[in-house]
Every structure is written in C-alpha cells, then in structure tokens.
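Protein sequence lines, in the order shown, are assigned to chains A and B. Position 252 (the first sequence) corresponds to 252 in the numbering used here; numbering is contiguous. Position 95 (the second sequence) corresponds to 1095 in the numbering used here; numbering is contiguous.
Any given hint could be a false lead.
Computed cross-link-like contacts, DSSO-like style, restricted to lysine-lysine with a CA-CA straight-line distance of at most 27 Å [what the hints assert, rightly or not]:
id : chain 1 : residue 1 : chain 2 : residue 2
1  : B       : Lys-1102  : B       : Lys-1036
2  : A       : Lys-97    : A       : Lys-182
3  : B       : Lys-1076  : A       : Lys-181
4  : B       : Lys-1107  : B       : Lys-1076
5  : B       : Lys-1102  : A       : Lys-182
6  : B       : Lys-1076  : B       : Lys-1102
7  : B       : Lys-1107  : A       : Lys-182
8  : A       : Lys-97    : A       : Lys-181
9  : B       : Lys-1036  : B       : Lys-1107
It is worth saying that the hints were derived from the structure and are not from the lab.
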Amino acid sequence: MVEEAFGLRIEERLTVVASRDPSSGRAIERVFREEYGRLIATLVRRFGDIDLAEDAAGEALVAALEKWPGSGVPPNPGGWLTTTAANRAIDRLRREKLRDTKHRQAAEMYDDTPHGSTGPFDPGEDERLRLMFTCCHPALAPEARIALTLRLLGGLTVPEIAQAFLVPEATMGQRITRAKKKIAAAKIPYRVPEAADLPGRVATVLAVLFLVFNEGYLATGDGEPVRTELTAEAIRLARILHQLMPDEPEVTGLLALLLLTEARREARVRGGELVRLDDQDRGGWDRELIAEGHELVRRCLAINRPGRYQILAAINAVHTDAPTADTTDWSQVAALYDQLARLDPSPVVALNRAVAVAELDGPEVALAQVDGLVATAPVLASYHAFHATRADLLRRLGRSAEAREAYDAALAVCDNTAERAYLTRRRGELV
Amino acid sequence: MPHYLLAVHGSEEDYASIPEDEVQEMYAATGRFNDKVREAGIWVFAGGLEPAETATVVDGTGETPVVTDGPYLETKEHIGGFWIIDAPDLDAALTWAAEGSKACGGKVEVRPFQSEPA
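The following block holds chain B by itself, in its conformation from the complex (with noise of 0.2 Å):
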C-alpha cells in the first residue's frame, strides 16, 4: 500500500497560546489517535519535532559543507510533527489525516510518498 507523510503546519506563536490544560488535552487525544493508527495496522512512523528555532540547515552540495542556524524557511507557521501512514489510496488517507488534525489541533498536509519502481 502506498505511504503518506501526514504534517502537522502551525505557527508556534499560536500554540504558544493555548493554555496548559488545553494543551495536555491535546497530547491525550494525539496519544489516543496513535495507538488507533497503530491499532489499525497503517502505522509506519510518527514524531512531534522541537521548535524550529532548534533547527539547522547544512548544504552540503559545494565543496564544504555550509551550517547555518534556524529553519530553512523564514515563514510563521513550521512543521510541528508528522505521522506517516500505509493506506490503501488517497480517501482513506484523508480520514486520517481529518481525525490526526482534530486531536493534535493543527492543520494536517497529506504528501504521498513515490512509489517504489516496480
């Protein structure tokens, strides 16, 4: 079955915002949501990362590789953590990503992997 990368996008301005115990009750219902997908067999991978002022960038296509501090997009929203998933097509990908978006309280991309060669 083909993979999807479900990414949770937010800016950490607005997280910042939401008070402790919403927060908490977000981690529950993520936690919940991750043992239903483990529970349904479509689990591959999934992570919340660290603020992306923890990020570093490194290009490594000259002759030495360049490190650089902070994300390597200057935007207010950043990828907050990301499931990814083993669903039949795209339909059932996006149910979800519906339900992984309304336990973690983030707008959820659905990127379908490439497929392998056949």
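Next up, chain A with everything else stripped away, as it sits in the complex (with noise of 0.2 Å):
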C-alpha cells in the first residue's frame, strides 16, 4: 500500500532535513502536523477519495522538504501544501485517467446542500467537522474510530499509532486500512449529520477523543504512566470541534474536562509514583488551563443543557478551586456526582460518589456504600479503582489485613505504572 511507503518515506526525509538543517526540519514538522486534518479533510471533499487524499498529502510535503529548508516557509504553508497537494492528485488521475469518474463521484459523495433548513451549520463549515463525523462513524469499529481520527486528523503515523495503543504495527496498518475500505466501499458520507442525528454522532466523537486523552492519561503496559503525545493530541482535537461547534455544551464540557484535567498532569505523578489529589502540589497546577477550563463550566452553566462531559468537568472545576485539599467543597462533588448517576447509572459513577461520601460522612458510611456495590455489580471486581478505593477506606478505619487483601486486588488488575507505585508503596505501609 502506498500509505505505509511513504509514512516511512515521510519520516526517513524529515531526519534528513532535521539533521542537515535542525531548526527547518522542526518547522516543517510542526507546520505539517498542525496543517495535516485540513489538508486531508480539503482533499477528501475535492477528490472524494481518502487514498488519494493521504498520498497527494505525502507528496506535498516532500516538495515542501525539498523546497522550504532552501526558500523558507512560505507566510500561508497551509494554503501551498493544499494547493501542491491537490496539483500532484489532478496529476495522478491525469495519468490515470480517472479523473472525471473521481470527481463524479465524490461529487456523489459529498453532497453541499445544506441538509434540512434546520441544520445547524453552514455549507461553510470548516471540512474537518466532516471528516471528524467520518472519522468517527458508528458504523465503523470503536477502535478504528479512533485510529482513523488520529490518522486523517491529528496527522500521526501508523508507527505511532501502533505505539501509542501497544498493537503491532501490520495490526494498526490493518485496521486503517480496513476502515478505509468500508468507507469507500459501503459510502459513509464526508458530512456533519442532520439535525436530529446530531447529538447521538457528537457522543460518538467525543467518546473517541475521551478514549484518546484517556489512553495518555492513564497509559497502561509498562511504558512511561502518562502518554503525553495523546494528551495533547486530544486537547488539540478537542479545541477544533469546540471552535467548529461552540454552541454544542457537551464539546465545551469536554473540552473543560480535558484542560482541567491536564492541568494537574505535572503534579499528579512524581518520581513515577502516583500522586493522589489530596497530596498533589497544587502550586505545581497549571493556573492558565484552570481558568481557560472554568470560564468553559461557566459558559455551559449558562446555557443550562448538561451531560456526562460537563457534570465531569464540573466536579473537575470544584477540585481546582480549592485552595488546599481540605478546603475543598465535597458536598458539592457529591451533589454533581448524584446529577452524573441521573443521567449514567453505572456503579463506576456510584463509586466516585463514594469516595466524596467518605469525606463528607466519614470512611465507614462510604466503605458499606462501596461492598454493596460490587453485590449489583460484579463487574466492579475486575475494575483497580474499586480495589484501590476499599483499600484506602480500609487503611483509614484501621483494618490492614483487610486493605492488605483489597491492595493486593487492586494491584492484580492494575495496569499503570505509577499507580502500581502507589499502591506498592501504600501496600508496604500498612502495619
């Protein structure tokens, strides 16, 4: 397949323009990576054909490594990428011959009627939104939906892809490349969905950059505990659909969730350990992404539509306004944690509230909140956070033999490094 050629073509060019030229190649990487969604997605509605897209796409930047390094990047580098790109593919269906059938068809495609004179966006829309939707397909497999997003739109190799998610590169080319063919194949529309559809197709994307993020936040297998290239990839993302779609609460509420959350990213893991909220340095928080993230909860309060996001990010808001750990307001959590469970009913949600209802109650009501649980929910048994949690409320109301037992559960199903640091240490502690 050409793809996988000319990602590794891409990447052996890069290195060299990087070391011949350190600060050029780092500029055209970062112009590629930042410019790459656009260009596929303008492609994709041009010539209606993702193949095509990404190898046109390929081509363009190997001209612009060949050319830039000498000229220097020119002021609009999207707009020369996109129009080089697009020349190398009319050059390619030229020689083809496909041409007219190419156009004809993703004129087929991609259809630029607004569809229904509700439909909340206008055939102007930027063509990531569209290809977000694609990208993001319930049709398509979960896991496809999100190596295709960070593929098409984030721009990130199939090497990277395979890394980040610990599958072997042949399986990630595979997938990607099986998702492609069943949207060509079977016509999953290049188009943000109709009125009606809509909520249902944004809990779909959001779903995917939520999983993305969550991938770098928690990384499971041995590697580093926080992904950080997943991270900021998702939060990337998660900005495009926020100023694509800013009247949607529950991307704002996502979007909150993200930043507050990455806020406490430095201080939440110190020596590859863990570092539980109540003892993170919050001198070490980012105070920028903290107020960025509650003028957001603020902006979705006011609109007074709220969903999973938002409630979540609203319970991360209260966490970031609290001066010290004993300050914060846990009445408050409990309360949006009962709003959450309203709305998502699953004991993992309950067992948050838990933790909130320990502070507030004291371990021993929270503790018989969390063992009547797992009698509903089983599947609870399998999930570290639950064993983690009863170890915690144990240790706390003296029983260690038992916290010791509960410990050594979490630690059996637990796969980050930094939290089996914790729990390790926490485990040792015991008397």
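Mind docking these for me? Both chains are given alone in their own frames, and the hints should help you get the complex.
Structure below.
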C-alpha cells in the first residue's frame, strides 16, 4: 500500500532535513502536523478518496521538504501545501485517466446542499468537522474510529498510533486500511449529520477524543505512565471541535474536562509514582489551563443543558477551585455525582460518589456503600479503582489485614506503572 | 446511486413463538414500510423467504453438481427476507434499515453492493 511506503519515506526525509538543518526540519514537521487534518479534509472533499488524499498530502510534504529549507517556510504554508497536494492529485488522476470518474464520485459523496433548513451549520463550515464525523462514524469499529481520527485528523503516523495503543504496526495498519475500505465501499458520507442525528453522532466523536486522552493520561503497559503525545493530541482535536461547534455544551464540557485534568498532570506523578489529588502540590498545577477550564464550565452552566462531560468538568472545577485539599467542597462534589448518576447510573459513577461520601460522612459509611455496589455490579471486581478505593477506606479504618488484601486485588488488575508504584508503597506502609 | 442489501436476520424459533396477532401486525407494518420505500423511489427489490429448512445447497464447482438438503450455514439464525434499495450513502441506508427493522421485528444487516465498473 502506498500509504505505508510514504509513511516511512516522510519520516526518513524529515530525519534527513532535521540532521542537515535542525530548526527548519522541526519547523516543517510542526507546520505539517498542524496543517495535516485540514489538508486531508480539503483533499477528501475535493477528490472523494481518502487514499488519494493521503498520497497527495505526502507528496506535498516531500515537495515542502525539498523547497522550504532553501526558500524558507512560505507565509501561508497551509495554502501552499493544499495547492501543491491538489496539483499532485490531479496529475495522478490524469495519469490514471480516472479524473472524471473520481470527480463525479466526489460530487456524489460530498453533498454541498445544506441538510434540512434546520441544520445548525452552514455549508462553508470547516471540512475537518465533516471528516471527524466520518472517522467517528458508528458503522466503524470503536478502535478503528480512534485510529482513523489520529491518522487523518491528528496526522500521527501508523507506527506512532500502533505504539500508543501497544498493538503491532501491521495490526494497526490493517485496522486503518480496513476502515478506509469500508468508508469507500459502503459510502460513509463526508458531512455533518442532520440536526436530528447530531446529538448521538457528536457523542461518538466526543467518546473517541475522551478515549484518546485517557489512554494518554492513564497509559496501560510497562512504558511511561503518561503519554503526553496522546493527551496533547486529544486536547488539540477537542479545541478544534469546540471552535467548530461552540454552541454544543457537551463539546465545551469535554474540552473543559480535558483542560482541568491536564492542568494537574505535572503534579500527578512524582518519581514515577502516582500522587493522589489530596497529596498533590497545588502550586504545580497549571493556572492558565485551570482558568480556561473554569471559564468553559461557566459557559456550560449558562447554557444549562447538562450532560456527562459537563458534569465531570464541573467536578474537576470544584477540585481545582480549592486552594488546599481540606477546603474542597465535598458536598458539591457529591451533589454533582448524584446528578451524573441520574444520567449515567453506572457502578463507576457510584464508586466515585462514595469517595466524596468518605470525606463528608466518614470512611465507614463510604465503605458500606462501596461494598454494597459489588453485589449489584460484579464487574467492579475487575476494576482496579474499586479495590484501590476499598483499600484506602479500610486503611483509614485501621483494618490493615483487609486493606492488604484489597491492595493486592487492586495490583492484580492495575495496568498503569505510576498507579502500581503508589499501591505498592501504600501496601508496604500498612502496619 | 449505490445499491444496498438490507437483510433481515433472526431465529425462526423466536419468530414461531410470537403470538398470531403480533405476527399479523408485523406483516402489516412491513407492508406499510414497503409502500414507503416505493413512494420514495428507492425500491429495487424486496421479498420474504420461506423457512431455512426449505433451502437446498448446490455445489457446482466440481465435475458434477452436488445437491444437498438444508441451509448452507448450520446456525440458529437465518436470513428471513431482504430489501434492495437505492440510497445516496450509508447514512441514508441505515435510516431506512432502522425503520425496516422496526416494522418487521428483526435485526437488519446493511451491505453495499459492489459498484459497477466506471
């Protein structure tokens, strides 16, 4: 497949340029990464073919790598890349004498007429939004949605995505190729869904971004406990989505949630070990991100159409609003979890609520609630946070033997290195 | 426009346990859905199938055709009927499939036909 070949070629070229001229190599790489999503989306819109768009984008990058180190990065690099890539695509279609067919297919796939007069978006909307809905289409497997979004909108290479999700490169390559084939064969459209379908489809896009962020924030496997390339990419894509859909409160809520979580990243791991919220050095929190997150939460409150991500963001706003752990407004946290439980009556939400209850009514009351949960939701037994929460409550109640068992149970199912380090130390400190 | 196969899958045992008046209502709802598909101008073909036990498999790949009784797949769930429609894209096909599924009371698999060579 051309894509794999060009993936390597691009990486190699970047390395060559970077070694000759480190600053321009980095600059070109940055421009390309920033412009990639828009470039692909524009080409897909024009030619109706993802493979062709990717090949043309790759050729444009090669051209940039040849030209820009000498001439400097042009004033409008995105425009330069788009024009160059479109010309390469037309050349190729002309060579393959497929141009008319492709253009006709593109016109069929890409419907420029606004859908229903009630559609909230005008036809001039950003093409990346259309591509996001295509990549996150419910007809694609969830893991394929994540991979395609990172590949086509994030501009990550197949090896990078494979590494991030700890799957072999060939597996990830096949997953992406298969998804692209389905998009083409089943004619998954490039467009923003109609108003009636929009809430459900936006939820699918948000779920993909949230999963990408979480895989970065709570990375599985033996490597780094936090993969900043994934958290950063999720935030970047969430910012684009928010910019494109400023009036969707759940989009605002997700961005706020990611920013308020990211703000605590530096303070959350010390010496390879997880630092719990109440032990974190709040001076190490990123105040700028917190201010931005709080502002977004206020905007959600003003719209007053609460949803899952908005409530999670509000909970994080309460935490980041407290100057010290002692001053946390736990009754507010518990109330927000109650609100969340009404939307999403999952045992995980109830578990998180119990943590707030421990602060309000003491560990004994919380433990009774936590123990009650597993009876109705046996699935919690395979969730490390369930055992970690129990272990902490038992420790606070001085029930060391039971706490030790709970720490062991948590360690048996915990897959993040920093959390494992934390649980191991806590277990060792039991008397 | 591309053609899509909307195939209804289900277990014949489950179907057999549905009370007669509900079955009649499903037929009526399916009839109304068929009318709607025709009115929308996307009808290519549709039909319900006799039970899978009436199926016969023919293997004509060898020198002489081999004929065997029974459906090709030994599963509990079989295709019970299908529509072929002409829809602009998958989203449109999925919307029709959802409505057809509700009418006939079965799960619907949506598959695109190969496009004709340009």
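Against the structure, the hints:
1. In summary, the hint linking B/Lys-1102 to B/Lys-1036 is supported, as the alpha carbons are separated by about 14 Å, within the 27 Å threshold.
2. Restraint check for A/Lys-97 and A/Lys-182: satisfied, since their Cα atoms lie roughly 24 Å apart, inside the 27 Å limit.
3. Straight-line distance between C-alpha atoms of B/Lys-1076 and A/Lys-181 comes to about 30 Å, which puts the hinted pair past the 27 Å bound.
4. Taking the CA atoms of B/Lys-1107 and B/Lys-1076, the gap is near 14 Å; set against the 27 Å cutoff, the hint holds.
5. Our distance criterion of 27 Å between C-alpha atoms is met by B/Lys-1102 and A/Lys-182, whose separation comes to about 25 Å.
6. For the proposed pair B/Lys-1076 and B/Lys-1102, the alpha carbon gap of about 21 Å is at most 27 Å, so the pair holds.
7. Annotation: proposed proximity of B/Lys-1107 to A/Lys-182 holds, straight-line Cα distance about 20 Å (limit 27 Å).
8. Under the criterion of a C-alpha separation no larger than 27 Å, the hint pairing A/Lys-97 with A/Lys-181 is consistent with the structure, at around 21 Å.
9. Simply put, B/Lys-1036 and B/Lys-1107 have alpha-carbon atoms about 19 Å apart, close enough for the 27 Å limit, and the pair holds.
Comparing the model with each earlier hint shows a violation of hint 3 alone; every other hint is respected.
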